[in-house]
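So that you can map any letter, position 104 of the sequence shown is 104 in the UniProt record's numbering, and since no number is skipped, the others follow by simple counting.
The hints are simulated quantities; they were obtained by calculation from the structure and are not laboratory data. Even glycine gets a Cβ: it sits at the ideal position worked out from N, Cα and C. Heads up, a few of these hints could be off.
Here are the simulated distance ranges between beta carbons [as the list claims (entries may be wrong)]: (1) Gln57 <-> Glu215: 25 to 33 Å; (2) Lys216 <-> Ala9: 28 to 36 Å; (3) Arg117 <-> Leu16: 26 to 34 Å; (4) Asp151 <-> Gly193: 17 to 25 Å; (5) Phe27 <-> Ile153: 40 to 48 Å; (6) Arg61 <-> Ala227: 21 to 29 Å; (7) Phe103 <-> Asp31: 26 to 34 Å.
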Amino acid sequence: MIRTIFYFATLIPWTLFVIVTGVPLSFISPDYLHNYARLWARVGLLLAGVRLKVSGQEHLRAGQPVIYMSNHASNFDILALFAGLPGQFRWLAKEELFRIPLFGLAMRRAGYIPLDRSDRRKALHSMTEAAKRIRDGASVVIFPEGTRSADGILQPFKKGGFLIALKAAVPVQPVAISGSFAIMPKTSRRIHGGLIEVRILPAIATAELTSADTEKLLATVQERIAAALEACP
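Please put together the full structure from these sequences, using the hints given.
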């Protein structure tokens with residue numbers, strides 16, 4: 001409990017400090033704010049007593065935009081990916097997060113992409129805009145489960161992110177995160193120290209695929225992430 005109290009008592013002012021001092025940097029370049037957010041995540045992991053191990057960097061290709069697809073079992077997945085994935089990338093996140101005062105402003109200034117799921121037409125428009133941003137060179141992180149797993153077990157994937165991948169015609173880079181559920185499950189606000197491991201898996205090309213291949217692509221990504229999670233000690 002002491003760890004949890006200390007974490008929130010220090011992370012909240014640290015987050016506000018990063019937003020207030022970081023947003024002005026975005027007027028120079030969104031890349032500066034993203035790099036600042038990576039520092040925010042590293043400090044956040046340190047405050048929680050969480051160690052991070054990253055493997056599979058050899059599967060990345062410099063200068064190649066990709067769509068990172070990761071399992072999602074804890075809020076700490078966000079910190080782990082911020083701190084563990086190299087280079088510049090953007091988040092695809094539900095539009096409601098962009099309405100949060102200050103936080104939403106920082107997300108927009110950093111170039112993160114809102115996904116409006118309130119109705120089918122708006123969702124399709126959001127996916128088209130996201131695909132265009134990715135084709136223009138922005139790597140993006142998507143949680144294909146749509147939300148955190150309540151029990152830490154990999155949940156069925158939703159199609160939206162895969163439709164974006166096919167529209168953008170860029171590789172999908174599966175990522176397996178293990179250990180985060182033990183740090184802080186969805187159903188708890190208590191934080192435990194420990195190790196989070198981020199495994200970057202080989203990319204899957206989509207340039208030759210069509211919308212008819214959506215289910216096959218979804219199944220392939222889910223199988224690879226599931227296999228990597230099963231292989232974790």
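Hints and how they fare:
1. Gln57 <-> Glu215: 25 to 33 Å: This hint holds: roughly 30 Å between Cβ atoms.
2. Lys216 <-> Ala9: 28 to 36 Å: Cβ of Lys216 to Cβ of Ala9: about 48 Å, so the range 28 to 36 Å is violated.
3. Arg117 <-> Leu16: 26 to 34 Å: Distance hint for Arg117, Leu16 holds at roughly 28 Å.
4. Asp151 <-> Gly193: 17 to 25 Å: 21 Å, holds
5. Phe27 <-> Ile153: 40 to 48 Å: Hint holds: Cβ distance 43 Å, inside 40 to 48 Å.
6. Arg61 <-> Ala227: 21 to 29 Å: Hint holds: Cβ distance 22 Å, inside 21 to 29 Å.
7. Phe103 <-> Asp31: 26 to 34 Å: At 19 Å between Cβs, range violated.
In summary, the numbered hints that this structure violates are 2 and 7.
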